[in-house]
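Student: Turn these sequences into a full structure, and let the hints guide you.
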Amino acid sequence: AQRVTQPEKLLSVFKGAPVELKCNYSYSGSPELFWYVQYSRQRLQLLLRHISRESIKGFTADLNKGETSFHLKKPFAQEEDSAMYYCAYRGSTLGRLYFGRGTQLTVWP
Amino acid sequence: GAGVSQSPSNKVTEKGKDVELRCDPISGHTALYWYRQSLGQGLEFLIYFQGNSAPDKSGLPSDRFSAERTGGSVSTLTIQRTQQEDSAVYLCASSLGPQETQYFGPGTRLLVL
Numbered sequence: 001a002q003r004v005t006q007p008e009k010l011l012s013v014f015k016g017a018p019v020e021l022k023c024n025y026s027y028s029g030s031p032e033l034f035w036y037v038q039y040s041r042q043r044l045q046l047l048l049r050h051i052s053r054e055s056i057k058g059f060t061a062d063l064n065k066g067e068t069s070f071h072l073k074k075p076f077a078q079e080e081d082s083a084m085y086y087c088a089y090r091g092s093t094l095g096r097l098y099f100g101r102g103t104q105l106t107v108w109p
Numbered sequence: 001g002a003g004v005s006q007s008p009s010n011k012v013t014e015k016g017k018d019v020e021l022r023c024d025p026i027s028g029h030t031a032l033y034w035y036r037q038s039l040g041q042g043l044e045f046l047i048y049f050q051g052n053s054a055p056d057k058s059g060l061p062s063d064r065f066s067a068e069r070t071g072g073s074v075s076t077l078t079i080q081r082t083q084q085e086d087s088a089v090y091l092c093a094s095s096l097g098p099q100e101t102q103y104f105g106p107g108t109r110l111l112v113l
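Just so you know, the sequences run in chain order A and B. Our numbering applies: residue 1 is where the first sequence begins, and numbers increase by one. Our numbering applies: residue 1 is where the second sequence begins, and numbers increase by one.
Calculated from the structure, these hints are not laboratory results. Keep in mind that a hint or two might mislead.
[Said to hold, decoys possible] Here are the in silico distance ranges between beta carbons for each label pair:
#1 A:Lys9 / B:Lys15: 25 to 31 Å
#2 A:Thr106 / B:Ala2: 31 to 37 Å
#3 B:Ser87 / A:Ser12: 24 to 30 Å
#4 A:Glu67 / B:Ser58: 25 to 31 Å
#5 A:Asp62 / B:Gln99: 29 to 35 Å
#6 A:Glu80 / B:Glu14: 24 to 30 Å
#7 A:Pro109 / B:Leu96: 35 to 41 Å
#8 A:Ala17 / B:Gly72: 46 to 52 Å
Where is the CB? At the ideal position from N, CA and C, for every residue including glycine.
Tutor: If you want it as structure tokens, here you go:
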């Protein structure tokens, strides 16, 4: 069963426009949520984790337990934000992450 | 410092052959993970090591897949009698502990002809 859903496989916006990458999860407990990013020809790297409640590269994400969502937002997209973004969660099982299928974000100049 | 490294970076093999993929985690990281990234499938968990033991190997897709970790460091993922559906990018990650941030390697791109 798909535990993390990223409904958009592809997302395109123009530079300076707001962007929101959607993520919904199915887990009844208290998961830990993450956003990972993979830039072209680079390795997968952590962008955000919800427990940190910090903003990285202008991105923020708020965990909404009622809607079981963890959407990633940025008010003004930049060309260098173009990348593949993966939402992931870690539940009660130690260690392993459950990933969504990813959203390819393209920011046009 | 050095990140997670994996070798080889690319591997082309013939169906039915065995392959070994290697992962060198970040020094001091006790937890090590293998994931598989297939086209259109996202990242699938394969196996998790804590030290040299594997408390979670539930993601291994078949008994053709096995992994070991020695000395609490290097790990090897072995795929026996490879099939075309095994073609994917195999990613290794390590973390200080099971609840810490996972750092990923560059991956091994496996192509089974």
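Student: With reference to the structure, classify each hint as holding or not holding.
Tutor: Results for each hint:
Taking 25 to 31 Å as the suggested C-beta distance range, the pair Lys9 of chain A and Lys15 of chain B conforms, at roughly 29 Å. Look at Thr106 of chain A against Ala2 of chain B: about 32 Å separates their beta carbons, and that is inside 31 to 37 Å. At roughly 29 Å, the beta carbons of Ser87 of chain B and Ser12 of chain A sit within the given window of 24 to 30 Å. The given range of 25 to 31 Å is respected by Glu67 of chain A and Ser58 of chain B, whose C-beta atoms sit roughly 29 Å from each other.
Hint check: Asp62 of chain A to Gln99 of chain B, Cβ distance near 21 Å, so the stated range 29 to 35 Å is violated. Between Glu80 of chain A and Glu14 of chain B, the C-beta spacing of about 40 Å breaks the proposed range 24 to 30 Å. Between Pro109 of chain A and Leu96 of chain B the C-beta distance comes to about 40 Å, which sits within the given range of 35 to 41 Å. Here the CB-CB span from Ala17 of chain A to Gly72 of chain B is close to 48 Å, well matched to the stated 46 to 52 Å.
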